[in-house]
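Novice: What follows is each chain in one-letter form.
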Amino acid sequence: MDIFNLTFMSALFASGVRQAVPLIFGSTGDCVSEKSGVLGIGIEGEMLFGALFAYIAALKTGSLWAGVLCGGLAGMVSALIPALWAVLLQQDQSITCIMFNIFAAGFTNFINRIVFGTNIANIPVPTFSNIPIPLLSKIPFVGEVFFNQSLLTYLSFVSAFVTFFVMKKTKLGLQLTSVGEDPRVAQASGINVYRFRILCFMFCGFMAGLAGASLTLGSIGTFTEGITSGRGFICLTIVILARWNPLIAILASLGFGSVEALQIRLQVLGSSLPYQFLIALPYLITVVVLAIGGSNLRSPKKLGVPFDKESR
Amino acid sequence: MKRLLAALLSVLMFVSLCACSGNKDKGEEASDRTTVSKIAVVLPGSITDESWNQSAYEGLMDIKKAGYETAYTENVDVSNAESVVRSYCSEGYDFVIAHGAQYGQAVCNVAPDYNNVNFFITGNAPEDIAEADLPKNIMFADYRECEGAYVSGVLAALMTKSGKVGYIGGGNNTTQQSDKNAFIEGVRSVSADVEISTVITGTFDDSNLGYETAKAMNEAGVDVILQTCDHTGLGALQYCSEKGVYCIGYTSDQSSLVNGDIMLTSMMIDIPFMISSQIDAIKAGNYGGQTFPGLHDGVVSMSKFSPEVSEEVAAKVNAVIESISKGDLVITPNYSEN
Amino acid sequence: MIENLLEKYLNADLLKKLGIMLASVAAAILVGSIFVLMSGADPLEAYYYMIFKPFSSVTSLGEVFIYFTPLLLVGLGVCFTFHCKLSNLGGEGQILFGALGMTLIGISPAAKALGPFSLVLGALAGILFGTLYAALAAWFRALFNASEIVITLMLNYIAEQFISYIIFYHLKTGAEPQSARIAFSIPKIFPNSRINYGVIAALILAFVYYIVVYRTKFGYNLRTLGGSRKAAKYGGVSAKRYYFYAMMISGAFCGLAGMMQVAGNTGRLMSGVAADFGFGGIVVALLGNLHPAGVVIAAFFMALVSAGAVTMQVKTGIPTSFASILEALIVLFILLGMALSSRIDNRKKVK
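Protein chains in written order, with my numbering: chain A, 1 to 312; chain B, 1 to 338; chain C, 1 to 351.
Just so you know, these hints were derived from the structure itself, not from any lab. Wrong hints could be hidden among the right ones.
[Stated by the list, open to error] In silico lysine to aspartate or glutamate, EDC-like type, Cα no more than 20 angstroms apart, as pairs: (1) Lys-315/C with Glu-69/B; (2) Lys-301/A with Glu-144/A; (3) Lys-164/B with Glu-308/B; (4) Lys-85/C with Asp-182/A; (5) Lys-326/B with Asp-297/B; (6) Lys-171/A with Glu-181/A; (7) Lys-164/B with Asp-193/B; (8) Lys-243/B with Asp-280/B; (9) Lys-315/C with Glu-91/B; (10) Lys-136/B with Asp-280/B; (11) Lys-326/B with Asp-270/B; (12) Lys-188/C with Glu-219/B; (13) Lys-38/B with Glu-91/B; (14) Lys-315/C with Asp-77/B; (15) Lys-315/C with Glu-45/C; (16) Lys-168/A with Asp-182/A; (17) Lys-136/B with Asp-113/B; (18) Lys-112/C with Asp-270/B; (19) Lys-230/C with Asp-182/A; (20) Lys-304/B with Asp-270/B; (21) Lys-243/B with Asp-261/B; (22) Lys-38/B with Asp-280/B; (23) Lys-243/B with Asp-308/A; (24) Lys-230/C with Glu-144/A; (25) Lys-161/B with Glu-308/B; (26) Lys-85/C with Glu-181/A; (27) Lys-112/C with Asp-133/B; (28) Lys-283/B with Asp-32/B; (29) Lys-65/B with Asp-270/B; (30) Lys-304/B with Asp-253/B; (31) Lys-161/B with Asp-261/B; (32) Lys-38/B with Asp-113/B; (33) Lys-85/C with Asp-308/A.
Just chain A, same shape as in the assembly:
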C-alpha cells in the first residue's frame, strides 16, 4: 500500500499540529517558569483547572473566547498555590507540585460533579473551527498542515513567538535569566526575586490554563475527568529537549504530536507490531532524540533551588 502519498502526509501532520497545540502552550509557559528557576511540575494540575473552567465558562456564556480567557485565568489562579509554597515558603518544588497535581485532579472532579452532576452527559459546546489563512493556506502541503487550523492553534504559535522575543530581546528577558541563574545578584540589582518568580509562575499557570482550554474547546468541546492524561509531564520533557527555548519547544511539540498521530495511523492501517510498542513510540523517540541532542545540556543554574534572601 502506498501510504506515503501527499494527502496522507498532510492529514498526518495536520493532526500532529492539532495535538501539539496544548503542548506548545504548556511548554511555552514552562520555559518561562523554569528560566526563572521554578520547576513547572505543577503544569498538569494547572492544565486541569484550565480545561474545566474553560469548558464551564464557554458553556455558560456561549462564547468560546470567554472560555479560553477563563481557562487561562483559572490556570493562573491555581498556580498561586504551588507558587506560595515553592517560592514564598521555599519548600521543595517537586513535592509541592506533585501534591498540587493530586489536589487539582481531585478538585476538578469535585467541581465537575457539583456543576454537572453525575447522571447526565456533559453537553458539548461548539468547538473552534478551522480558519484558513488567505493565500498562505493555498501553499501545497504546508498550507494544509499549518495554515488551515483553528484560531487557537495560531494563538499558540503566536504566544510562543512573542515569549521567545521577550525572553531574548528585552530587558525583561535579561532579568528573567538573571533571576534563574543567580538570584542573589538579581536581588542586589534591585529585582524583587520573590515577586518576579511568582509572576513567572503565574504566567506559566496562565499558559497551562490555555493548554487546558485547548484540550476541551479545541476539538471535543466537553470536559471529562483526567482529560490531560499526562500531557503536563510531556511539556516538561519538551522544555528540557528544547533547552528552555520556546521556539525549539514548538518544534519539539510538533514532533511529539506528529509521532502520536503516526502511531494512531499505523494502527489504523493494520500494523503487525504489538500495539503497546506503537503507544510507546513517542516516548521511545523522545529518549533517542534526547540521546542525540541532549549533550551540552545546561539548565538554569538555580533551577529548582528555593531562593531565601536572608540566607547567605
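Go by the hints and put chains B and C onto chain A.
Specialist: The following block gives chains B and C in isolation, referenced to the frame of chain A:
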C-alpha cells in the same frame, strides 16, 4: 546510632503490641448468606464515564432506591483492590460487588475470610484457579458482551459503503480483547472483503486521543466505527457527530450524544439490571458459582436502530440476534491477541 | 549525625515547633472539612476513620503496612539520588521491572520446589531488574548528558507499555491480562492481618541506608557531591561514577518495592502494580528530609493517610477525589508548618 536502633526497635515493638491487642474484625454472626442489607461496589474508573462505571453506579442507585444501604469506591487500582474489598467486609457490608474481572484474584483472596458475605464479580473467574477451589460465596457473571460486539460487526459490515470499518478500544482488559475479536468475527461473517482497522488507544480517559483516532480512521476511508472505551470513546463520538460518520455506541444508548441519526445502534449492557437482579438471587439461597448472561436474557442488547438502517439490514441483524439468543449461534469469547 | 539532629531538636523550642506542626495539621483538617461538608458528610467522623480507625485493629493496621512497605522502599531508594542532587522520577518503571523479576521467578516451574527460597531469588531478580532499568537512565545521563528527569519519566511510559506487552503476549495464562499466580508469597506475620515480613526487611534496609549514607566513605562522597560538585572533584570523586551508583542503588530499592508488591500484595504481575508508589516515594523522601528516621516516619504517615482514606471513603461515602484532596492538603500544610518552624530557628540564629 544507638538511638536510631532504639527508634527502629520501638517501631517494631509498637507493631507487635498492636498485634497482641488485636481484636477480631471478622463477622461473628452465623454464616447466613440469604440476607442482604448493605451493598458496596468497587469500580475501576470514574462514575461519570458515560459507560462501564457509570452504569454500575446507576445499578447501585436502583438498589439504593429499593431501600438498601449502599456505598461505592471509584478508581480502584488492581493492586489496591484487596484493601478496599477488605475494608467493606470489615465494615459489615454483606454484599460486595467488584466491577471487573481484573478484581477476581483480590476477591478470591478475601472471600474465604468472610463466609457470611456474598461477592459478585462482573467478569469471568481466574482461569488458573480450579473450579472446586473457587470460594463458594462468589458469583462470577461471565457475561457475553462479545455477543453485542459480534452483532455490531455484522451491522457495520452491512452498513459500510466504503468497505472499511473500524474498532476503537481502550485496551488491556479481557472484555476489550474479546469485543475486538468478536467484532472482527461479525464483520467476517458478512463479508471477507471488508477491511477492518482496529486501534487500541491504551487509555480510557483521553477524549482528545479518541477524537484524533476517529479522524485518522475516517481519513483512511473507514465509515462505520464501534468504540468501547468510555471517555476516549466520547471523543471518537464527537468526531463522528461532527463529520456525520456512522458510529455504534457502547454500554448505554448513546444516541443522544451525537447529532442526527448517525448512531446506528448502541450495544447496551444492562449492568444496572445485572447488578440489581443479584439481590433476588441472593435471597433465593445458594448464591455463588458462575452465570453467563448475554443476549438471551437481555443483559446484552442492541438499542433501537437508527432510521439510517434500512429495514432489510435491520431484518438481517435481528435474525443474527435471534439465533444468538436461541443458542443456535454461539459466540465464544476469544481473548487471544490478533 | 542523628545525635546532632536529636540534640538540635531537643534544644530548640520544641513546644513551639510542636505547636506549629499541630496547628498546621489542624489547618489542613479545617480546610479539608469544607470539602467534607460540601459532600454531605460529617467531618469529625470522616477524620476519625481516616486517622484513628486504622489503629483500631491488626487487620486494619495491616492495610496501612501494605502501603508502608513499598512507600518506604521507594522513598529510601530515591534518597540516594537526591543526596547527589539527581532526581529519579522513574520509580514507577523500576517498580514494574522489579515486579517482573519476582514474577518470572515465582511462576517458574522450579519455584514450587524452592519454596521460600523462591522469594529470595525473586527479590534478587527484582533488584537486578530494577537496577538494570535504572542503569539505563544513568547510562543516558552519563553518556549523553541527557536530563535524568526526562529520561526517567519517559522510561516510565515505556516500561508501562513493555510490561503490558509482556503480559499480553508471554505471561498471560487465561483471559485476564495478568500472569499466573506466584508459587510462594511473603508469609504473613499475624493470621488475621495482611502485614507481612516484607515490613521487617524494609525497616532493616532503612537501617542499612543510614549506615551506607552516614557511616561510609561512599555515603560521604555522595553527600559531598550533592553539596558541591567542585568540592567533590577536589576530593577525587568521579561525579559520573557516583551518579551511576546512586541511580542504580535507587533502582535496586524500587525494584525490591516492585517485588514486594507482587510477593506481598497482588500475587500476580498485572498493569497497575506500581500504583503511583514511584511518585509517593518521592514525597516520602522529601517529607522525611532524606533522613532515615524521617523517611520511616513519613512513609508510615503517608501509608496511614492512604489506607485511612480508603476506610474513610468506605465508611462515609465521600468520593475518592475528596480523599485525594485531603491527602494533598495535609501534606501541603505540613510543609507549611515545617517552613514556619524553620523560620523560628533562623530568627533565633540571627539573634
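Novice: It remains to establish, for every hint, whether it holds in the given structure.
Specialist: Hint check results:
no., hint, result
1, Lys-315/C with Glu-69/B, "holds, 11 angstroms"
2, Lys-301/A with Glu-144/A, "violated, 41 angstroms"
3, Lys-164/B with Glu-308/B, "holds, 18 angstroms"
4, Lys-85/C with Asp-182/A, "holds, 18 angstroms"
5, Lys-326/B with Asp-297/B, "holds, 10 angstroms"
6, Lys-171/A with Glu-181/A, "holds, 15 angstroms"
7, Lys-164/B with Asp-193/B, "holds, 9 angstroms"
8, Lys-243/B with Asp-280/B, "violated, 46 angstroms"
9, Lys-315/C with Glu-91/B, "holds, 7 angstroms"
10, Lys-136/B with Asp-280/B, "holds, 18 angstroms"
11, Lys-326/B with Asp-270/B, "holds, 19 angstroms"
12, Lys-188/C with Glu-219/B, "violated, 56 angstroms"
13, Lys-38/B with Glu-91/B, "holds, 10 angstroms"
14, Lys-315/C with Asp-77/B, "holds, 19 angstroms"
15, Lys-315/C with Glu-45/C, "holds, 9 angstroms"
16, Lys-168/A with Asp-182/A, "holds, 17 angstroms"
17, Lys-136/B with Asp-113/B, "holds, 12 angstroms"
18, Lys-112/C with Asp-270/B, "violated, 43 angstroms"
19, Lys-230/C with Asp-182/A, "holds, 18 angstroms"
20, Lys-304/B with Asp-270/B, "holds, 14 angstroms"
21, Lys-243/B with Asp-261/B, "holds, 12 angstroms"
22, Lys-38/B with Asp-280/B, "holds, 14 angstroms"
23, Lys-243/B with Asp-308/A, "violated, 56 angstroms"
24, Lys-230/C with Glu-144/A, "violated, 53 angstroms"
25, Lys-161/B with Glu-308/B, "holds, 13 angstroms"
26, Lys-85/C with Glu-181/A, "holds, 17 angstroms"
27, Lys-112/C with Asp-133/B, "holds, 19 angstroms"
28, Lys-283/B with Asp-32/B, "holds, 10 angstroms"
29, Lys-65/B with Asp-270/B, "holds, 17 angstroms"
30, Lys-304/B with Asp-253/B, "holds, 9 angstroms"
31, Lys-161/B with Asp-261/B, "holds, 16 angstroms"
32, Lys-38/B with Asp-113/B, "holds, 18 angstroms"
33, Lys-85/C with Asp-308/A, "holds, 19 angstroms"
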